[in-house]
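Colleague: Add chain B to chain A, keeping to what the hints say.
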Amino acid sequence: MRALEIEKLDVDLGGRPVLRDVQLHLDRGELVGLLGPNGAGKTTLLRAILALIRTRGGRVLVEGKPTRPGRAGIGYVPQRHEFSWDFPISVEQAVMSGRTGRIGLLRRPGVADWRAVGDALDRVQLTELRRRPAGELSGGQRQRVLVARALALAPSILLLDEPFTGLDMPTQELLGDLFTSLAQEGRAVLMTTHDLVAAVDSCTRLVLLNRRIIADGRPADLQDAELWTQTFGVSATSPLLKLVRAA
Amino acid sequence: MSITDFLTDLFNPDLAFLPKALAIAVMSSIVCGVVGCYVVLRGMAFIGDAVAHAVFPGVAVAFVLQGSLVLGGAVAGTATALLIAIFSQNRRVKEDSLIGVFLVAAFALGIVIISQAPGYAGSLQQFLFGSITGIPDRDLYLVGGTGLVILSLVLALHKEFVAVCLDREMSRSMGLPVFWLDIALYVLVTLAVVISLQTIGNILVLALLITPAAAARLLTDRLAVMMLLAPTIGGVSALVGLYLSWSYDTPVGGTIVLVATAVFLAAWLFAPRHGLVIRRWRRPAGHDLGDDTDPGRQLSPARTPDAAPAVR
Numbered sequence: 001m002r003a004l005e006i007e008k009l010d011v012d013l014g015g016r017p018v019l020r021d022v023q024l025h026l027d028r029g030e031l032v033g034l035l036g037p038n039g040a041g042k043t044t045l046l047r048a049i050l051a052l053i054r055t056r057g058g059r060v061l062v063e064g065k066p067t068r069p070g071r072a073g074i075g076y077v078p079q080r081h082e083f084s085w086d087f088p089i090s091v092e093q094a095v096m097s098g099r100t101g102r103i104g105l106l107r108r109p110g111v112a113d114w115r116a117v118g119d120a121l122d123r124v125q126l127t128e129l130r131r132r133p134a135g136e137l138s139g140g141q142r143q144r145v146l147v148a149r150a151l152a153l154a155p156s157i158l159l160l161d162e163p164f165t166g167l168d169m170p171t172q173e174l175l176g177d178l179f180t181s182l183a184q185e186g187r188a189v190l191m192t193t194h195d196l197v198a199a200v201d202s203c204t205r206l207v208l209l210n211r212r213i214i215a216d217g218r219p220a221d222l223q224d225a226e227l228w229t230q231t232f233g234v235s236a237t238s239p240l241l242k243l244v245r246a247a
Numbered sequence: 248m249s250i251t252d253f254l255t256d257l258f259n260p261d262l263a264f265l266p267k268a269l270a271i272a273v274m275s276s277i278v279c280g281v282v283g284c285y286v287v288l289r290g291m292a293f294i295g296d297a298v299a300h301a302v303f304p305g306v307a308v309a310f311v312l313q314g315s316l317v318l319g320g321a322v323a324g325t326a327t328a329l330l331i332a333i334f335s336q337n338r339r340v341k342e343d344s345l346i347g348v349f350l351v352a353a354f355a356l357g358i359v360i361i362s363q364a365p366g367y368a369g370s371l372q373q374f375l376f377g378s379i380t381g382i383p384d385r386d387l388y389l390v391g392g393t394g395l396v397i398l399s400l401v402l403a404l405h406k407e408f409v410a411v412c413l414d415r416e417m418s419r420s421m422g423l424p425v426f427w428l429d430i431a432l433y434v435l436v437t438l439a440v441v442i443s444l445q446t447i448g449n450i451l452v453l454a455l456l457i458t459p460a461a462a463a464r465l466l467t468d469r470l471a472v473m474m475l476l477a478p479t480i481g482g483v484s485a486l487v488g489l490y491l492s493w494s495y496d497t498p499v500g501g502t503i504v505l506v507a508t509a510v511f512l513a514a515w516l517f518a519p520r521h522g523l524v525i526r527r528w529r530r531p532a533g534h535d536l537g538d539d540t541d542p543g544r545q546l547s548p549a550r551t552p553d554a555a556p557a558v559r
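So the sequence lines, in the order shown, correspond to chains A and B. Position one of the first sequence corresponds to residue 1 (our numbering), numbered consecutively onward. Position one of the second sequence corresponds to residue 248 (our numbering), numbered consecutively onward.
Just so you know, these hints were derived from the structure itself, not from any lab. Be a bit skeptical, because a hint or two may be false.
[Stated by the list, open to error] Here are a few chain B residues that face chain A, going by a calculated C-beta distance under 8 Å:
1) K406
2) L413
3) R464
4) D468
Here a beta-carbon is modelled for each residue, glycine too, at the ideal position from N, C-alpha and C.
Okay, chain A solo, but in the shape it has when bound (with noise of 0.2 Å):
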């Protein structure tokens, strides 16, 4: 049974059409890039597959159950300003956070839900600093707390929406590692992302999305030019197809 299976789906927002016919599979193992220009529909197709907004047509499944919000499978990490980082919340206060709606209504952490953040934060490497007010982190560590708090689920899947985007490439590359090994543990990974050099250099596929899947393949196997002007709106002479060929 595959990780997340997505087929035919279709999106409208606002009554425009978003999402075309995509058909997308992941399974455990897997670190998958999903490339594309703004308005793509990368991050709509993030929240689609959290059933977080209504699908015109197509379904969503994981591991073979269709999703709706709550579900246990999927760790969802948004962009790091969706987070209210000037919050006063410990790093492992915020880990817990992630655990809100599995706890319950009325009901306060347990044994269980301290050892699932303990343990979250040991994978990411963050146990030393939980105590730390969240806000006093810098921009990488951040990032890894929203991996953690993702990861305090124990999710099948994980979502990841522009993980580097205003990281430097030190920090870019350590996180790249973490995707990488987090997927190799077993949990399938989909990763939206601007930087195509991170991409290309950790990602075992990629997709690459304008409101239909255009290409989806091994970084070595998606060298066509035509594929990357399609995707991206861009010239021939782009500097963009320079990075690719290099990468």
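Modeller: Coordinates of chain B only, in the frame set by chain A:
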């Protein structure tokens, strides 16, 4: 007036309104301090303002009909909070514009209604600026009971409120009922405002909601501490404010708010980590205070236990 005189007056049966006013002022300050923490952290001070204005027509109707002012205000305020929550689902008009529309409309309605009552000028002033006289006994119980309900709901929903404050999208994906939690929070803010109206007044009640919580935020980076500090600051401000107001014959609402504001200014100047004085002190001359804005800069890899290569 000395503290002893104030205590004597508090227990003087001829001045029975004074302990009642004190009880209501302190209770409502405590409740507002707790609820105000969410208001400050979510940056929804404007909603508090809207609700404070919106309760006015309800209070006016209750006044004209000789009903309970607290009850009338609660109904009108809750109705407005619901309207704002529902209308703000349509993203074409932003929340702050909606609040602008509804709060002024509600306030206008209140003025029109109350102008129908004979001798409205005096009562209008009482609504706007608060008063310590003429509080009926049943309001004392109503305020106490409502305050307890508010605090229990905060305790029950705290975890969910925090999650929604932190990250709405993530909360949705966890299956939390974000819309209903928003409504619950708006209603709690409304109730906290309504029970404070009597002593503080319609215009000044916002300060009770925002000022203690904002001062507490300056003093701590821990939410639990903040949610204990804010009601303490509020309660003490109410006590000291009422004492000063009674001693110097100043308006009670205004005096309480000024005391709370003094606490806020003191926190802003002298807070242990974020205070202006400490930051000036620590920083050698020539460095710009603006350096503090990027927390990432304070954690150079060399100094952090969690140096970057640890991820490997």
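Colleague: Can R464 of chain B be said to touch chain A, with a Cβ gap under 8 Å?
Modeller: holds, 7 Å
Colleague: Go through the hint on K406 of chain B and say holds or violated, using the shortest Cβ distance to chain A against 8 Å.
Modeller: Since the shortest Cβ distance to chain A is 5 Å, the answer is holds.
Colleague: Taking 8 Å as the limit, does the beta-carbon of D468 of chain B come near enough to a beta-carbon in chain A?
Modeller: Interface hint status for D468 of chain B: holds (4 Å vs cutoff 8 Å).
Colleague: Under the criterion of a CB-CB separation shorter than 8 Å, is L413 of chain B in contact with chain A as hinted?
Modeller: holds, 5 Å
When the structure is compared with the earlier hints, no violation turns up for any of them.
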